[in-house]
Structure formats: C-alpha cells, structure tokens
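Colleague: Chains as they are written, first to last, in the numbering used here: chain A, 1 to 345; chain B, 1 to 123.
Don't take every hint at face value.
Distance condition first, Cα-Cα at most 27 angstroms in a straight line; then the derived DSS-like pairs of lysine-lysine [said to hold, decoys possible]:
| id | chain 1 | residue 1 | chain 2 | residue 2 |
| --- | --- | --- | --- | --- |
| 1 | B | 42 | B | 21 |
| 2 | A | 327 | A | 317 |
| 3 | A | 151 | A | 241 |
| 4 | B | 118 | B | 21 |
| 5 | A | 79 | A | 14 |
| 6 | A | 136 | B | 73 |
| 7 | B | 74 | A | 14 |
| 8 | B | 42 | A | 136 |
| 9 | B | 74 | A | 98 |
| 10 | A | 79 | A | 92 |
| 11 | B | 115 | B | 27 |
| 12 | A | 14 | B | 118 |
| 13 | B | 96 | B | 118 |
| 14 | A | 49 | B | 21 |
| 15 | B | 96 | A | 98 |
| 16 | B | 42 | B | 74 |
| 17 | A | 49 | B | 115 |
| 18 | A | 14 | B | 4 |
| 19 | A | 55 | B | 118 |
| 20 | B | 27 | B | 78 |
| 21 | B | 4 | B | 74 |
| 22 | B | 115 | A | 14 |
| 23 | A | 49 | B | 27 |
| 24 | A | 136 | B | 115 |
With the Cβ distance kept under 7 angstroms, some of the chain A side facing chain B (calculated, not the full set) [stated by the list, open to error]:
| id | residue |
| --- | --- |
| 25 | 18 |
| 26 | 19 |
| 27 | 20 |
| 28 | 21 |
| 29 | 27 |
| 30 | 161 |
| 31 | 164 |
| 32 | 168 |
Worth flagging that the hints you see were computed from the coordinates, not collected in a lab. Quick reminder that beta carbons are idealized off the backbone N, C-alpha and C, glycines included.
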Amino acid sequence: MSRPIIGVSENIVKIREVINHIADTGLNTVICGESGVGKEVIAQSLYQKSSRNGKPFIKVNCAALPDGLLESELFGYEKGAFTGADRKTRGKFELANKGVLMLDEIGDMSLSLQAKLLHVLQGGAFAPLGSEKEFKTDTWVIAATNHELEKEISEGKFREDLYYRLNIIKIYIQPLRERPEDIPHLIDYYLKEYSLLFNSDKIIQPSDTVIDELTRYPWPGNVRELQNILKRMLVLGDAEKILDEMNSRNSMTGTSSDGSTSDTQAMGYKGILDFNGKDSPDEPTFSLKTIRKTALDRVEKEVISHVLGKTGWNRSKATKILKISYKTLLYKISDLGITPPAKAD
Amino acid sequence: MDKKFRLLVIDDNEEILTSLKSFLSKKSYDVVSASNGLDALKLIEAATDDFDLVITDLVMPNISGVAVTAIIKKQNPKMPVIAITGYGEQPEALAKEVHADIVMEKPFKLDQLEKAIKRLLSI
Chain A
1 MSRPIIGVSE NIVKIREVIN HIADTGLNTV ICGESGVGKE VIAQSLYQKS
51 SRNGKPFIKV NCAALPDGLL ESELFGYEKG AFTGADRKTR GKFELANKGV
101 LMLDEIGDMS LSLQAKLLHV LQGGAFAPLG SEKEFKTDTW VIAATNHELE
151 KEISEGKFRE DLYYRLNIIK IYIQPLRERP EDIPHLIDYY LKEYSLLFNS
201 DKIIQPSDTV IDELTRYPWP GNVRELQNIL KRMLVLGDAE KILDEMNSRN
251 SMTGTSSDGS TSDTQAMGYK GILDFNGKDS PDEPTFSLKT IRKTALDRVE
301 KEVISHVLGK TGWNRSKATK ILKISYKTLL YKISDLGITP PAKAD
Chain B
1 MDKKFRLLVI DDNEEILTSL KSFLSKKSYD VVSASNGLDA LKLIEAATDD
51 FDLVITDLVM PNISGVAVTA IIKKQNPKMP VIAITGYGEQ PEALAKEVHA
101 DIVMEKPFKL DQLEKAIKRL LSI
C-alpha cells in the first residue's frame, strides 16, 4: 500500500487532479522536484490508479550505478556477453513488462545510455547485451529527477529528443518551504503512522507552538527531513530540544526561510568589507585592528539577526543557539543596533 | 456555413489564445478555450462528442498537447486535431505519432489555419 498524496496547497491539489486524468494513459511522464519532496509517492500513485496496478512496479536509480552496469541492469544480458556474465540475466525493461519502470535520477544518465533509452521509447523494443534479437516491451516509463532538464539540455548533458519524448506529462512537486500550508497535514499523517509503527500507546499531539515552528522551518531536506524529525520527536519525546538543534543547524548553514543562502555567506569577506569605500586602506583610520573590529561587528550583527529571525525574536531561544548569556545578547542587540523587522500590518 | 461548428482551442500563451479565439469567432465558429492541458481534458470530459475539432499547442506545462491529442484520439479517433507548435521538429514528430491530423509550425498565417479547419470539417 503506497502513501496518499498529503496536502492542501494549490500545487498538491493540481498534482492529484493531473494524476486522476492521466494515470490510465500510459503516457511517458517526468516527475521533477528537489530531493526528498516525494517523487516516488507520486509515481506509486500513478501506478496504483492505472490499469497496470498489480503488475510489476520496478524502480532503478540511474545515479547509483556506473554506466555499463546500469545498461546491463536495464536491458539484461546473454550468457558470455561480457567477462563475468556466466548466465543469462533479464533486464528491468523485461521484468517491468506490462507494468511500470521508474527511472529515478534520470538526469544522471550518460548520453550514450540516453540514446539507448530513446531507442526503446521510440520503438518499444530492446536487445539485451550480447543478443541480436530485439524484444518488444510494453512498459510505462516514469522518470524522476531533481535536475533542471532544460538547463541540462543547454549544457549538452541531456538529449533534447529524449526530453520531449519523456516530457509528455510533467509533474513538478514544489519544495516544502514553498507550500508551508501542507506541513501541519503532513505532521498529522506521519505522527499517526509512526505511532502505529513504534507501538506507541498514544498518538503524540505536538503543541501549537511546535507545529508553528515546524511550519516556519525551511526544510532543505523536504518531506524526508520532516519524516526523520517526526520519528525522532516520537522516540525521544523532546520536541523543544530537537527544534533548537534544527534552528541551530539551519543558522549554521546560512539558509534563510526562503531556502536561499545569505548574501554575506555567498560573497565572503567582500560582502562584509568595502575596500573601495570606507574600509579602504587609503582611509586615515585604516589599520588591521580597526578592520578586524569592523568585520567582527558586521559578522556578529548578521549572525545574531539571523538567529533572532529564526526564533521569532525569542531571546531565550537565541541565547541557547548562540551559546551566550542573556545579558550579553541584550548588550549585543543594543551595541550593534539590531532591530526587529517591521511588521507588515 | 449553416451549422455553427464548435472548436476547442488550447494554448498556454494567453496572447496566442486570445488572437486565435478572436479570429475564429469572427469566422463564425463557436470557440471554447483552455489555457492548459488539464482544463482542456476537463472540458472534453464534460462535453463528450460536443466538439467538432480541437486545436492544441504541443509544448505546455503538466499535460502537454501531445498528451491531450493522444487521449482525445484514444477516446474518439475520428475527432479532428490540429497541433500547433513553435518548438521545432521533435514535438511535431511526436504529434504525428499520436495521430494529430495536421501539424502546423508557428508562426503561421491565420488563413492557413482556417483552410486546415475547413479541410478537416469538409466545409
């Protein structure tokens, strides 16, 4: 039994609609989205709503195997086809006949193997390695990728003809940070599932504050990361501590709530010091000592502002993440001129 | 033209959709439009056999025009479909594989489109 597609966001609602309309067509499909968004859940749902349900569903990770091995895995081989081929072996295309072959991480497939895949998709036939005979296959190919295939085409890494042939249906799953309204529903679903899994006596209901914090977190690892955190919360039972760790890790990597890295981090010291302006060595006040103090102040201001932003200006939580005393934090806020963001209303 | 033929026009480019709709309406066709493949499939489901001809763009997000054509032709092989595209020969070849009746490359003259419609509707 596969997982349902959880969520109320426009993106998820539309995906459910698309699945209902095309699941039984067997048309080539590409599922795109960042790692951990749940591409396999979508592929399973397509399969289960199709008349192929009950037939094989086979998944191959194209990034996990070297080129030659992936080719023999997909198409199979005859005895003696290569050194070590001591018996005839059926490939995934043959095993998935009448069913679904999910090609995960298709963007990592080599150009030569892409050409062979295109041949199968064009003619519905393939030849195992070492065989001159072609076999017909009726396999529904569902590809998945976290790459931008359009960009890969422009860089010469992905075949344009294969792209169009696969892209008959394209399902794009947004990252979790772009659909936070789905997070409480995902929490509810997975806590119930994991409570059963871990034989918990009762289903833990996190407080509104915890749900609110989890909803505001940017989830760089998407649903998979959320699942791991929920499992930990259930096993360890200390939601507050886990949230603190998450926020601390998040502020260390410099990921902001929109998932982007901060400018300062991206630009390095050049974003902190203005060598063509007031920090120029030509300035009379310039010295290594003054520059060190200036740079340190600016970095501290950036880090403290970031952590306060993450904690919603909860100073107690910020002191735990920054590992400084409450008094020191208040002094830094005042000394560095850190102000809370203006409210929209 | 005694009978008013009903056309379904699908294109994700709003400008093209508006211009096709306005041209075909002036030519006395009853035009229903959709800006994506999903809406088009919903309209087709709601009005089985109600359309006399479908004009679809090929490269669209989510459900492509190739998919729309394949689904229409599976349900009703006699439904005439004109596929239009500005993305070169790859989508054109795919449209022919799924039995689009006519494939037109953008940009085309609207008169050419009308000729193609008349030919497929035998008028």
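Colleague: State for each hint whether it applies.
Modeller: These are the hints, each one checked on the structure:
| no. | hint | result |
| --- | --- | --- |
| 1 | B/42 to B/21 | holds, 19 angstroms |
| 2 | A/327 to A/317 | holds, 13 angstroms |
| 3 | A/151 to A/241 | violated, 41 angstroms |
| 4 | B/118 to B/21 | holds, 16 angstroms |
| 5 | A/79 to A/14 | violated, 47 angstroms |
| 6 | A/136 to B/73 | holds, 23 angstroms |
| 7 | B/74 to A/14 | holds, 23 angstroms |
| 8 | B/42 to A/136 | violated, 34 angstroms |
| 9 | B/74 to A/98 | holds, 18 angstroms |
| 10 | A/79 to A/92 | holds, 17 angstroms |
| 11 | B/115 to B/27 | holds, 12 angstroms |
| 12 | A/14 to B/118 | violated, 36 angstroms |
| 13 | B/96 to B/118 | holds, 20 angstroms |
| 14 | A/49 to B/21 | violated, 35 angstroms |
| 15 | B/96 to A/98 | holds, 24 angstroms |
| 16 | B/42 to B/74 | holds, 16 angstroms |
| 17 | A/49 to B/115 | violated, 41 angstroms |
| 18 | A/14 to B/4 | violated, 34 angstroms |
| 19 | A/55 to B/118 | violated, 45 angstroms |
| 20 | B/27 to B/78 | holds, 23 angstroms |
| 21 | B/4 to B/74 | holds, 25 angstroms |
| 22 | B/115 to A/14 | violated, 36 angstroms |
| 23 | A/49 to B/27 | violated, 42 angstroms |
| 24 | A/136 to B/115 | violated, 40 angstroms |
| 25 | 18 | holds, 6 angstroms |
| 26 | 19 | violated, 11 angstroms |
| 27 | 20 | violated, 10 angstroms |
| 28 | 21 | holds, 5 angstroms |
| 29 | 27 | holds, 5 angstroms |
| 30 | 161 | holds, 5 angstroms |
| 31 | 164 | holds, 4 angstroms |
| 32 | 168 | holds, 5 angstroms |
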